[in-house]
Amino acid sequence: DAGITQSPRYKITETGRQVTLMCHQTWSHSYMFWYRQDLGHGLRLIYYSAAADITDKGEVPDGYVVSRSKTENFPLTLESATRSQTSVYFCASRWTGDNEQFFGPGTRLTVL
Amino acid sequence: GQQVMQIPQYQHVQEGEDFTTYCNSSTTLSNIQWYKQRPGGHPVFLIQLVKSGEVKKQKRLTFQFGEAKKNSSLHITATQTTDVGTYFCADLPNTGNQFYFGTGTSLTVIP
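Chains as they are written, first to last, in the working numbering: chain A, 1 to 112; chain B, 113 to 223.
No lab work stands behind these hints, which were simulated from the structure alone. Among the hints, a few may not be true.
Claimed, not checked - Below 27 Å or equal to it, Euclidean Cα-Cα: the simulated DSSO-like pairs (lysine-lysine) are:
hint	chain 1	residue 1	chain 2	residue 2
1	B	Lys148	B	Lys163
2	B	Lys148	B	Lys171
3	B	Lys148	A	Lys57
4	A	Lys57	A	Lys70
5	A	Lys57	B	Lys182
6	B	Lys168	B	Lys148
7	B	Lys168	B	Lys182
8	B	Lys182	B	Lys171
9	B	Lys148	A	Lys11
Starting from the given sequences, assemble the full structure and let the hints guide the process.
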């Protein structure tokens, strides 16, 4: 089924562990985004990508790493998870020239 | 970075009452988008406004962009229980690719 998917949907990990959140879209959208959503902060951009092999920092990039070797995939890695990274993470994508963002279902991450 | 403020943070209304949420910025907004997020769901795009003073309608929803492009509003007429959720505004500056989201307004509709 076409669309934007995220995996896992739920993840519990421990402080200091590496965690990778996956995002896959089937529309061949150029742009992809990673947001975190925390109560009182709305959605904050972590990283975004304008195309394969092109990534850029958003508002809150510290502690996160991204890559985009293929247009359809945009994984987000927490190299050494901290409790402050407990959040709901949303991936989104959009076409070039069209500003409408399509969001994935989200990943709820808990860092103990 | 750019700050987009949204008020109120929470709103409880009786079913049938109207509801308005406001999005404000100290700097000029460029491309205002509105999203709705149902409880436990993900944000879903509603509309985009780009012109000063622009007004757009979607059934019971009316979206406005201020004349000075410093604010925007979403008004829902005669709320229904299906309107429950959090409404976000987001700005996309003309010079960049980064969206700046407001903190959202959580709407509760009491039957």
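Hint-by-hint comparison with the structure:
1. Lys148/B x Lys163/B: holds, 21 Å
2. Lys148/B x Lys171/B: holds, 15 Å
3. Lys148/B x Lys57/A: Holds, because 25 Å separates the two Cα atoms, which is no more than 27 Å.
4. Lys57/A x Lys70/A: Satisfied, since the Cα-Cα distance of roughly 18 Å is no more than 27 Å.
5. Lys57/A x Lys182/B: holds, 26 Å
6. Lys168/B x Lys148/B: Since the Cα atoms of lysine 168/B and lysine 148/B sit roughly 16 Å apart, the hinted pair holds (cutoff 27 Å).
7. Lys168/B x Lys182/B: holds, 17 Å
8. Lys182/B x Lys171/B: holds, 25 Å
9. Lys148/B x Lys11/A: holds, 25 Å
In the structure shown, no violation is registered for any of the earlier numbered hints.
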